[in-house]
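Enquirer: Heads up: the sequence lines are chains A and B, in that order.
Going by the numbering used here, the residue at position 16 of the first sequence is 16; the numbering climbs one at a time, nothing skipped.
Going by the numbering used here, the residue at position 34 of the second sequence is 34; the numbering climbs one at a time, nothing skipped.
Keep in mind the hints are simulated off the structure, nothing from the lab.
All C-beta atoms in this analysis are idealised placements derived from N, C-alpha and C, irrespective of residue type, glycine included.
Since no wrong hints were added, every one of them can be taken at face value.
Partial pick of chain A residues on the chain B-facing surface, computed with a CB cut under 8 Å: (1) TRP10; (2) ARG11; (3) GLN13; (4) TRP14; (5) ALA16; (6) ALA99.
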Amino acid sequence: MKPDLELEAWRDQWQADTQVPADLRRKVARESRNLRLLLGLEVLVTLVMGGGSTLWAAIEPRTEMVVLAAAVWLFLGAAWTFAAISRRGIWSPAAVSTAEFLDLSIRRCRKKLLSAAFGAGLYFVETAFCLTYPCRPSSSP
Amino acid sequence: MADTAPNPEAGLAREQQGARLRRAVHGLPLLYRQVVTLLLEGMEYDEMAQVLGISESNVGARLSRARQMLRELMEVPR
Numbered sequence: 001m002k003p004d005l006e007l008e009a010w011r012d013q014w015q016a017d018t019q020v021p022a023d024l025r026r027k028v029a030r031e032s033r034n035l036r037l038l039l040g041l042e043v044l045v046t047l048v049m050g051g052g053s054t055l056w057a058a059i060e061p062r063t064e065m066v067v068l069a070a071a072v073w074l075f076l077g078a079a080w081t082f083a084a085i086s087r088r089g090i091w092s093p094a095a096v097s098t099a100e101f102l103d104l105s106i107r108r109c110r111k112k113l114l115s116a117a118f119g120a121g122l123y124f125v126e127t128a129f130c131l132t133y134p135c136r137p138s139s140s141p
Numbered sequence: 001m002a003d004t005a006p007n008p009e010a011g012l013a014r015e016q017q018g019a020r021l022r023r024a025v026h027g028l029p030l031l032y033r034q035v036v037t038l039l040l041e042g043m044e045y046d047e048m049a050q051v052l053g054i055s056e057s058n059v060g061a062r063l064s065r066a067r068q069m070l071r072e073l074m075e076v077p078r
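Throw the hints in and build the complete structure from the sequences for me.
Expert: Right, here's the structure in full:
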């Protein structure tokens, strides 16, 4: 097959340019900020939900409360495991090039879609657990 | 001792060619700019067809026209 010299020359010129378009750079920077913010919120939710349920189980050490606290940690663990796996490789571009920035942006979009599906599934499981779990506050005499 | 530093004139010429190519690509209508950008980023026809949601023959037709327009735009002195 005859090599397409014109295309090869254009590709060389195009890919030699390391200037990332400003709007793409800004978009990736904004997404990175949002990712960090989301991480902070997740830590907060973990502390409030996990810490709260553990504290509750410590104050009121009934079997139901201990099981509830364990379930909360189980759900938190599932969410953190998914987050750790799905966020691998989406924190920063592998190189300062348009292709890499674009690739990172696409990878982040795909992970967001995956996270939405996982979040919906987890929400369904948690709701089912909350509705069926026979945990009631201790009745006062 | 031989000078191993890159030739500044060649570097400048290369930069100017790159800038001319970028200007020409930005001057293309969106329909053609899409295919040309994907082609220059190294995508194959089947990948472009998948990304743009069109057939491979359509990609080929658009690229053919886009390359013609790109050549004309690059010949225009700025």
